[in-house]
Amino acid sequence: MGRGLSLAIGAVRDRLRTMSEGWDRFWFSPADPTLLGVLRVLAGLMLLYTHAVWGLALNDFFGPDAWLSVELVRTLQEYQFAYSFWWWIEPDWMWTAYGISILILAMFTVGLCTRVTSVLSLIVAISFAHRTPEALFGLDQINVMLTLYLTIGDAGRAVSIDRWRARRRGIEDVAPSARANLGQRLIQIHMCTIYFFAGVSKLQGLAWWNGEAMWLAFANLEYQSMDMTWLAGHPLLINVATHTTILWEIFFCALIWNRNWRPVMLAGGTAMHLGIGACLGMWTFGLIMLVGCASFLPNERVRQLVEVLATRRSRAVPVSFPIAASPQAASSALLGGPHQTLPIVVTVDYGPHRSANGSQRFQG
Amino acid sequence: MDVDSDRNRDQDADGREIDSGPPPRRIGRRSLRWAVNLWLVLHVSAIIIAPASVAPSSALAQTGWEIVHPYLQLLFLNHGYHFFAPEPAESTLLGYVAEREDGTVVTGRIPNREIGPRLLYHRHFMLSEHMAGTDPELRELWHQSFARHIGTKYGADRVSLSQITHYLPTRQMVLEGVRLDDPASYVEQPLGVYQWDED
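Chains as they are written, first to last, in the working numbering: chain Z, 447 to 810; chain L, 5 to 203.
Don't take each hint at face value.
Unchecked claim - Below, a list of computed lysine to aspartate or glutamate pairs in the EDC-like style, where the Cα atoms sit at most 20 Å apart:
(1) L:Lys157 <-> L:Asp106
(2) L:Lys157 <-> Z:Glu536
(3) L:Lys157 <-> Z:Asp538
(4) L:Lys157 <-> L:Asp186
(5) L:Lys157 <-> L:Glu192
(6) L:Lys157 <-> L:Glu105
(7) L:Lys157 <-> Z:Asp511
(8) L:Lys157 <-> Z:Glu517
Don't read these hints as lab results, they were simulated from the structure.
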């Protein structure tokens with residue numbers, strides 16, 4: 447009896463140790479920061495564009511008589527923890543604050559003093575969002591989410607002016623970093639959460655079951671940027687688009703971790719988001735979602751691509767691979783194993799949430 | 005594995021970073037690692053609770069939301085991600101008539117397809133969409149805010165607002181020749197007349 451108990455305790459202990467090692471490997475294996483650097487550039491460009499567009503109607507949205515008055519927004523945000531520097535900006539200083547914000551975002555995009563400018567960019571993005579909460583949609587949510595995780599991942603360590611300056615100081619190689627992996631993993635997990643809830647929340651809608659939902663999207667003149675009414679005569683095509691969309695969203699969080707399914711899921715996501723951009727005119731939303739999806743690209747390939755592009759633009763630099771070009775490779779190297787991709791290391795049970803969600807309100 | 009393992013590297017004579025092996029275990033590093041792990045668990049839980057607590061939701065999910073919402077709101081991560089859910093629906097537009105003191109009148113509607121670039125168009129579209137879905141107790145405040153903005157923008161002291169619901173045609177209707185901008189698909193509801201004296 448005593449021996450059986452000690453065996454059971456030992457088995458549980460081994461299981462817990464395995465889980466702990468898996469957790470560490472997933473979140474904290476040093477990763478090449480190149481991919482995160484590329485994501486910083488792409489997300490930074492979107493941040494710059496998004497905020498540049500605010501500048502075309504700054505008075506309409508941030509002025510003293512904006513669409514959303516200070517009184518209205520403060521009432522909507524009552525008992526919320528929403529801050530914004532816009533509450534302290536006098537109208538005379540509005541353009542100055544805007545100019546400084548754009549400068550910060552530009553510095554973040556090119557990777558200049560990134561540890562500081564990434565934090566400041568996060569404050570800028572959140573402040574703009576909290577001042578105009580009712581003029582926002584999914585784009586702004588993803589913008590802030592990416593900026594947060596790029597800040598955590600110290601995304602200025604590669605593909606940046608900071609990196610260029612370090613190289614001039616004689617530091618040639620960029621070392622793999624646990625922070626880079628942490629930032630990348632957080633983006634990946636958040637993207638899985640987004641797609642899962644985007645999918646299951648649709649299960650409450652009749653049109654997503656009878657296959658007509660995509661028609662409802664195409665028939666919305668306010669969204670439409672390409673005439674898709676020719677689909678009215680092809681109900682099966684509409685059904686296929688509807689069911690594919692919802693299946694892709696729900697199963698993304700599971701299949702994206704599988705090495706065989708990952709290219710399929712990424713290709714499907716690319717087609718879906720480019721379709722959203724082309725048909726519904728939401729190019730910004732479609733592209734920023736693709737930036738999030740790009741966090742699943744293989745680090746090695748991204749690094750190779752960046753080095754090839756960098757070599758073309760400057761003197762020939764031999765392509766070198768440090769101890770690890772990816773979290774998976776890093777862990778293999780550190781554990782003394784072969785250079786191979788690990789199988790799924792995290793599984794999440796989403797079961798209890800399937801029937802517990804939904805919304806009757808629009809959330810773009 | 006250390007949370008900040010890139011700091012556990014030294015530089016060789018050429019200034020290149022080299023791996024100096026496993027870091028010495030120190031109480032500070034171990035505490036940091038535990039703190040980061042704890043934060044990860046709480047953070048990932050929070051970003052899952054946010055969409056899970058959108059109605060209809062369980063008491064458990066709502067209780068979770070009560071706990072995590074300050075953190076999520078602070079970081080602007082308090083989202084439901086219910087894109088086009090439960091299903092794509094009709095649009096809401098805002099119509100307005102602004103009357104100036106000299107008798108001239110400006111009429112308009114948001115969103116307006118002439119607004120460019122497309123992102124700015126969507127910003128205006130979200131204003132009218134969110135107005136339609138707002139708490140009934142706050143609607144008057146929305147209308148006053150919109151009327152004040154329109155009045156200031158066009159130099160008008162009297163602004164009439166209306167909410168326009170644009171219904172979607174079925175496939176059958178389109179096959180029978182109904183256009184997406186068919187006048188019958190727009191239903192206008194007056195929201196009120198707002199007048200003020202700048203003096």
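Checked hints:
Proposed proximity of lysine 157 of chain L and aspartate 106 of chain L is supported: the alpha carbons are some 16 Å apart, at most 20 Å. Between the alpha carbons of lysine 157 of chain L and glutamate 536 of chain Z the distance comes to roughly 19 Å, so the proposed pair stays at or under 20 Å and holds. For the suggested pair lysine 157 of chain L and aspartate 538 of chain Z, the alpha carbons sit about 17 Å apart, so the restraint of at most 20 Å is met. Annotation: proposed proximity of lysine 157 of chain L to aspartate 186 of chain L is violated, straight-line Cα distance about 30 Å (limit 20 Å).
This hinted pair does not check out: lysine 157 of chain L and glutamate 192 of chain L have alpha carbons roughly 23 Å apart, beyond 20 Å. Taking the CA atoms of lysine 157 of chain L and glutamate 105 of chain L, the gap is near 14 Å; set against the 20 Å cutoff, the hint holds. Under the criterion of a C-alpha separation no larger than 20 Å, the hint pairing lysine 157 of chain L with aspartate 511 of chain Z is consistent with the structure, at around 8 Å. As the CA atoms of lysine 157 of chain L and glutamate 517 of chain Z are separated by approximately 18 Å, the hinted pair is consistent with the 20 Å bound.
Checked against the numbered hints listed earlier, the structure breaks hints 4 and 5; every other hint is satisfied.
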